[in-house]
Amino acid sequence: MSNISIEDSALIIVDMQNDFMPGGRLEIKDADKIIPTINRCINKFKAKGLKIFATRDWHPEDHISFKERGGLWNRHCVKNTKGAEFHKDLALNDAIIISKGSESEKEAYSGFEGTELADILRSSNVKKVFITGVATDYCVKNTALDALNHKFDVYLIIDGIKGIKNEEEAIREMKQKGIKLIESRNL
0 MSNISIEDSA
10 LIIVDMQNDF
20 MPGGRLEIKD
30 ADKIIPTINR
40 CINKFKAKGL
50 KIFATRDWHP
60 EDHISFKERG
70 GLWNRHCVKN
80 TKGAEFHKDL
90 ALNDAIIISK
100 GSESEKEAYS
110 GFEGTELADI
120 LRSSNVKKVF
130 ITGVATDYCV
140 KNTALDALNH
150 KFDVYLIIDG
160 IKGIKNEEEA
170 IREMKQKGIK
180 LIESRNL
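Position 49, counted from 1, in the sequence shown is what numbering that gives the first Met the number 0 calls 48; the numbers after and before it change by one each time, with no gaps.
FYI, nobody ran anything at the bench for these hints, they're computed from the structure. There could be a bad hint or two in this list.
Cut-off 20 Å, straight-line C-alpha distance, at most; resulting in silico cross-link-like pairs (PhoX-like, lysine-lysine) [unchecked claim]:
1. 179 x 127
2. 126 x 176
3. 150 x 28
4. 164 x 32
5. 179 x 43
6. 50 x 126
7. 174 x 50
8. 174 x 127
9. 174 x 164
10. 43 x 78
11. 87 x 45
12. 176 x 150
13. 174 x 150
Taking CB as the label site, the calculated pair distances span [to be verified]:
14. 121 x 60: 41 to 51 Å
15. 35 x 67: 29 to 39 Å
16. 42 x 80: 21 to 31 Å
17. 2 x 101: 32 to 42 Å
18. 43 x 167: 20 to 30 Å
19. 148 x 29: 22 to 32 Å
20. 66 x 167: 34 to 44 Å
21. 179 x 47: 14 to 24 Å
22. 2 x 68: 42 to 52 Å
23. 124 x 172: 22 to 32 Å
The beta-carbon is built from N, C-alpha and C at its ideal position, and this holds for glycine as well.
Please put together the full structure from these sequences, using the hints given.
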């Protein structure tokens with residue numbers, strides 16, 4: 000595949016938080032291994048003066064997604080905790096932080112759900128978004144599909160994602176819906 004122009008683009012880094020890293024409350028195997036790839040992508044976007052966004056789960060202590068409330072997940076990414084912080088090796092100095100899942104009674108797998116992300120992208124004249132992060136089969140997939148629904152041209156950086164258990168199926172679904180797959184070396 001030849002290089003893709005990243006003009007009129009933004010990078011969206013999904014949920015690279017401590018609770019999803021090895022040893023975290025919702026560990027995704029080898030999630031920390033994609034950090035060098037993500038940092039290379041950040042540097043490419045930064046060098047062109049393009050916007051970089053980082054989504055994060057920012058849950059209240061009683062979030063509906065937690066098992067204690069009948070949800071699917073162990074308590075994770077509770078706002079203002081170590082688990083909710085971004086991994087220390089991620090180079091997010093200039094990133095715009097988008098918090099999601101911050102209301103007790105609302106689940107939010109997408110960086111667009113209940114946030115201003117779409118409006119910020121449009122007001123910045125962004126046409127294409129490049130997505131990386133975790134988990135491919137949940138928040139990455141939902142963020143990518145919502146970006147498509149908001150009429151952005153969507154690229155999934157496949158060497159910069161990690162899933163929980165249905166990663167291949169999620170990638171197949173995204174591709175079928177029109178999301179393009181790209182490797183970071185082709186940016």
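Cross-check of the supplied hints:
no.: 1; hint: 179 x 127; verdict: holds (11 Å)
no.: 2; hint: 126 x 176; verdict: holds (18 Å)
no.: 3; hint: 150 x 28; verdict: violated (32 Å)
no.: 4; hint: 164 x 32; verdict: holds (17 Å)
no.: 5; hint: 179 x 43; verdict: holds (19 Å)
no.: 6; hint: 50 x 126; verdict: holds (12 Å)
no.: 7; hint: 174 x 50; verdict: violated (24 Å)
no.: 8; hint: 174 x 127; verdict: holds (16 Å)
no.: 9; hint: 174 x 164; verdict: holds (18 Å)
no.: 10; hint: 43 x 78; verdict: violated (30 Å)
no.: 11; hint: 87 x 45; verdict: holds (19 Å)
no.: 12; hint: 176 x 150; verdict: holds (12 Å)
no.: 13; hint: 174 x 150; verdict: holds (15 Å)
no.: 14; hint: 121 x 60: 41 to 51 Å; verdict: violated (34 Å)
no.: 15; hint: 35 x 67: 29 to 39 Å; verdict: holds (36 Å)
no.: 16; hint: 42 x 80: 21 to 31 Å; verdict: holds (29 Å)
no.: 17; hint: 2 x 101: 32 to 42 Å; verdict: holds (37 Å)
no.: 18; hint: 43 x 167: 20 to 30 Å; verdict: holds (26 Å)
no.: 19; hint: 148 x 29: 22 to 32 Å; verdict: holds (30 Å)
no.: 20; hint: 66 x 167: 34 to 44 Å; verdict: violated (26 Å)
no.: 21; hint: 179 x 47: 14 to 24 Å; verdict: holds (19 Å)
no.: 22; hint: 2 x 68: 42 to 52 Å; verdict: holds (46 Å)
no.: 23; hint: 124 x 172: 22 to 32 Å; verdict: holds (29 Å)
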